[in-house]
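Undergrad: Sequence:
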Amino acid sequence: MTTVVPTSEEDPVLSVVRFTAEMSWADAGAETAEPEVNRLCVEAQKCMIEGRWLDLVSLMLASADIIFSKASEKDLECVFTIMCNLVKKPESLDQVHEMAELISAKIIQQPNDKPALRLKILFNLYNLLENPYSRFCVYLKSLNLATAGKVTEHILPSIKKMDNFLKEWNLGVKDQRELFLAISNILKENKGSTKDSFMFLTKYLETFSSEDASNMNEAKEEAARAIVDFVRSPDMFKCDLLDMPAIAQLERDAQYGPVYQLLKIFLTQRLDAYLDFEAANSALLKTYGLVHDDCISKMRLMSLVDLGLNESSQIPYSVIKQALQIDDIEVESWVVKAITAKLLDCKIDQMNQVVIVSRCTERVFGVHQWQELRTKLVTWRGNIAGVISTVQANKITEDSTQAMQGFGVSLKFGSSLSSNIIYSRGPGISNVQEVIGALECNGTNSSIGACLPDVDEFLMESETSTMILAGNARKQHLSLDATGSEGEICNENIYGNCIDNKNVKADRCNYGSRCKREISS
1 MTTVVPTSEE DPVLSVVRFT AEMSWADAGA ETAEPEVNRL CVEAQKCMIE GRWLDLVSLM
61 LASADIIFSK ASEKDLECVF TIMCNLVKKP ESLDQVHEMA ELISAKIIQQ PNDKPALRLK
121 ILFNLYNLLE NPYSRFCVYL KSLNLATAGK VTEHILPSIK KMDNFLKEWN LGVKDQRELF
181 LAISNILKEN KGSTKDSFMF LTKYLETFSS EDASNMNEAK EEAARAIVDF VRSPDMFKCD
241 LLDMPAIAQL ERDAQYGPVY QLLKIFLTQR LDAYLDFEAA NSALLKTYGL VHDDCISKMR
301 LMSLVDLGLN ESSQIPYSVI KQALQIDDIE VESWVVKAIT AKLLDCKIDQ MNQVVIVSRC
361 TERVFGVHQW QELRTKLVTW RGNIAGVIST VQANKITEDS TQAMQGFGVS LKFGSSLSSN
421 IIYSRGPGIS NVQEVIGALE CNGTNSSIGA CLPDVDEFLM ESETSTMILA GNARKQHLSL
481 DATGSEGEIC NENIYGNCID NKNVKADRCN YGSRCKREIS S
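Be aware that the sequence shown starts at 1, since it is given in UniProt numbering, and climbs by one per residue.
If you're looking for bench data, these hints aren't it; they were derived computationally from the structure. Among the clues, some could well be false.
When the alpha-carbon atoms are kept at most 30 Å apart in a straight line, the in silico DSS-like pairs for lysine-lysine are as follows [claimed, not checked]:
id : residue 1 : residue 2
1  : Lys342    : Lys395
2  : Lys167    : Lys88
3  : Lys74     : Lys174
4  : Lys286    : Lys220
5  : Lys120    : Lys70
6  : Lys174    : Lys120
7  : Lys70     : Lys46
8  : Lys88     : Lys161
9  : Lys220    : Lys195
Computed spacing ranges between beta-carbons, pair by pair [stated by the list, open to error]:
id : residue 1 : residue 2 : range
10 : Val378    : Gly289    : 41 to 49 Å
11 : Lys321    : Asp345    : 20 to 28 Å
12 : Asp345    : Ala213    : 18 to 26 Å
13 : Asn217    : Ile348    : 48 to 56 Å
14 : Glu221    : Lys89     : 17 to 25 Å
15 : Lys238    : Trp380    : 18 to 26 Å
16 : Glu221    : Thr379    : 41 to 49 Å
17 : Ala33     : Ser58     : 17 to 25 Å
For every residue, glycine included, the Cβ atom is placed at its ideal position computed from N, Cα and C.
Assemble the whole structure, with the sequences as input and the hints as a guide.
TA: Put into structure tokens, the structure is as follows:
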């Protein structure tokens, strides 16, 4: 067995050229083979010196078919690894793209010959490329190779990263179509990927708009396939196919018109409509591989959902029995099936023979459903706003109450602060404004109003506010309780002005008869 072993005496690329040339001319004899091998090596070396990397790749690929048929997998991988690394040489991205296209096209020519190895080589080439679009082109060829060579299991893990790939590649509509359809075809061959296959097929159909009528004809077959896949699936009960132009075009199509009608029945009507359709189109169902009994089972669930959406929240057993065309004893079992499939949220009232529905799955979600959702969201937003306003109002009231639990009142007369009156909130006064109102009385209740105009500075302090009121200079003493009336018996330790003067009645404070010194005397 011949093995490529690069040495320091010869460039790895020239070693590969020599190796492939010798293998290609091995049956021609030494006299013929040696000149040809030397010629190819000289030509390859010239391409390297002149920087003609695309020509060098073309030269190396000329003997690719012989290499695939004669070389071992280890040698093949080595040869194409060195060849693929040539895409790092050019500075022009266009030239790199051409080289990648040339190599990948050659690799996928015979997909049934060593398909897993060919796929591995393409992945290696993908990782060597820097241009996103070149990467996409190689990946697309990988999908086609995996499908044709029946080695789709090797490419399935990469499909899970498709969202990230799409962001990186930034594809146009045409490339998206080709990609989505290729992925859908791959997933279709894997039994556990039916839903994913349908999802990518739907993405493919979504790329066609009503303005793209000239290209929509190519989507008719895939549109019909999407309908059949939906009808056949035992666990898909909602879709947006009816809103797609690529699907809508089938309604008046001679070949696919009945298929469109079948979809409309499953998404908008009940079991009786399907039975009428089946009676007139039984051959059509067989053509597309649809089993009548399976369709009946699915339509019963769809009909039950329709009852939940269009009837009142309480559905009598008799209505379910009639719509699903079943016996009385089967009603509850079908309701349980709908609950298990997450089509309904409901309770079964056996005593009253009704099903109480709280939620139903919409079979279609179009403009009407969006409008209903918007109305509900607006209502919910209003309700939440009301709750927030109530909570905030209660919080403000609570904070205000806590802030007024205690605050100080200072009265400054002239240049001396001779009296500090400590006030604690009581039932008569609940906030700062009411305290000011009490102070600004007209003097009819007590001496409060009389002294207020003569106060140089009125200072009220609490945790949340400080208020100052200026007046004239005159020594006065002010006391205020919770009701705005005269306070309790004075405290010498705080209100000591009259004590300092040693004159009890000369400059009476508003304690009046409650003056402690007067009482004690």
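Undergrad: With reference to the structure, classify each hint as holding or not holding.
TA: Hints, one by one, checked against the model:
{"no.": "1", "hint": "Lys342 to Lys395", "in the structure": "violated, 42 Å"}
{"no.": "2", "hint": "Lys167 to Lys88", "in the structure": "holds, 24 Å"}
{"no.": "3", "hint": "Lys74 to Lys174", "in the structure": "violated, 38 Å"}
{"no.": "4", "hint": "Lys286 to Lys220", "in the structure": "holds, 19 Å"}
{"no.": "5", "hint": "Lys120 to Lys70", "in the structure": "holds, 19 Å"}
{"no.": "6", "hint": "Lys174 to Lys120", "in the structure": "holds, 27 Å"}
{"no.": "7", "hint": "Lys70 to Lys46", "in the structure": "holds, 27 Å"}
{"no.": "8", "hint": "Lys88 to Lys161", "in the structure": "holds, 25 Å"}
{"no.": "9", "hint": "Lys220 to Lys195", "in the structure": "holds, 20 Å"}
{"no.": "10", "hint": "Val378 to Gly289: 41 to 49 Å", "in the structure": "holds, 46 Å"}
{"no.": "11", "hint": "Lys321 to Asp345: 20 to 28 Å", "in the structure": "holds, 21 Å"}
{"no.": "12", "hint": "Asp345 to Ala213: 18 to 26 Å", "in the structure": "violated, 42 Å"}
{"no.": "13", "hint": "Asn217 to Ile348: 48 to 56 Å", "in the structure": "holds, 50 Å"}
{"no.": "14", "hint": "Glu221 to Lys89: 17 to 25 Å", "in the structure": "violated, 43 Å"}
{"no.": "15", "hint": "Lys238 to Trp380: 18 to 26 Å", "in the structure": "holds, 23 Å"}
{"no.": "16", "hint": "Glu221 to Thr379: 41 to 49 Å", "in the structure": "holds, 45 Å"}
{"no.": "17", "hint": "Ala33 to Ser58: 17 to 25 Å", "in the structure": "holds, 21 Å"}
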